[in-house]
Amino acid sequence: EPEVTQTPSHQVTQMGQEVILRCVPISNHLYFYWYRQILGQKVEFLVSFYNNEISEKSEIFDDQFSVERPDGSNFTLKIRSTKLEDSAMYFCASSPGQGPYEQYFGPGTRLTVT
Amino acid sequence: AQSVTQLDSQVPVFEEAPVELRCNYSSSVSVYLFWYVQYPNQGLQLLLKYLSGSTLVKGINGFEAEFNKSQTSFHLRKPSVHISDTAEYFCAVKDNAGNMLTFGGGTRLMVKP
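So the protein lines, in turn, are chains A and B. Remember, the numbering used here sits 47 above the position in the first sequence when you count from 1. Remember, the numbering used here sits 1226 above the position in the second sequence when you count from 1.
The hints are simulated quantities; they were obtained by calculation from the structure and are not laboratory data. Incorrect hints may appear among the rest.
[What the hints assert, rightly or not] What follows is a set of in silico ranges between Cβ atoms, one per label pair, in the way DEER data are often shown:
#1 B:K1284 <-> A:Q61: 18 to 28 Å
#2 B:L1272 <-> A:L77: 17 to 27 Å
#3 A:N75 <-> B:G1324: 14 to 24 Å
#4 A:E115 <-> B:G1324: 16 to 26 Å
#5 A:Q88 <-> B:S1252: 15 to 25 Å
#6 B:G1324 <-> A:P49: 16 to 26 Å
As the structure is a computational prediction, the values presented were derived from the model and not from experiment. No residue lacks a Cβ here, since even glycine has one placed at the ideal position from N, Cα and C.
Next comes chain A alone, as it looks inside the complex:
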């Protein structure tokens, strides 16, 4: 069964450094998403991406964040200058369409900013 994959599973970085989280969505899906879950808190939407552009984003997704689909398979989340409060589990998801479609989640990348 096709699945969303994410690398790395755990990333440790120092405050102020840039990180790139990588995801490979399911191959025939058209919509891609990033969510995050700070320890002990809700899963929060960050951004959705379709047709090589952002289709929706939350207030959390400020200028510090960017997303890209650099090739036909990868989908990345870049955090330009990490802060302590960026420490969280970051989930990538994909879906075949918008509206009444399930979003398929990857296993997550745990980002620890020290």
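Use these hints to put chain B onto chain A, whose structure you have.
Chain B in isolation, oriented as in the chain A frame:
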């Protein structure tokens, strides 16, 4: 904007007992409703979804949920739980125009022998 409330942060239950995990939502537009499960150190897996039609939906692993529009609820139930059902359960809602899933705070189901 939507919001989701899961009233119980933890639900301890004995093996083979029934369980109900509660979820209430608020939205000004029509929504789609989902329950996801997260096993330790894993991602989110869809249990079931309500899109339209019958208000009782059946999912994987013997779970079911009932959509109640008047009470804006989507409670998850299982008649007899197993140890392997121990996990975190998330209720989520999406409006019919957008793609953003709004999650509740999660309920940790702890099944005891």
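Results of checking the hints against the structure:
no.: 1; hint: B:K1284 <-> A:Q61: 18 to 28 Å; verdict: violated (48 Å)
no.: 2; hint: B:L1272 <-> A:L77: 17 to 27 Å; verdict: holds (18 Å)
no.: 3; hint: A:N75 <-> B:G1324: 14 to 24 Å; verdict: holds (22 Å)
no.: 4; hint: A:E115 <-> B:G1324: 16 to 26 Å; verdict: holds (22 Å)
no.: 5; hint: A:Q88 <-> B:S1252: 15 to 25 Å; verdict: holds (19 Å)
no.: 6; hint: B:G1324 <-> A:P49: 16 to 26 Å; verdict: holds (24 Å)
In this structure, the one hint that does not hold is number 1.
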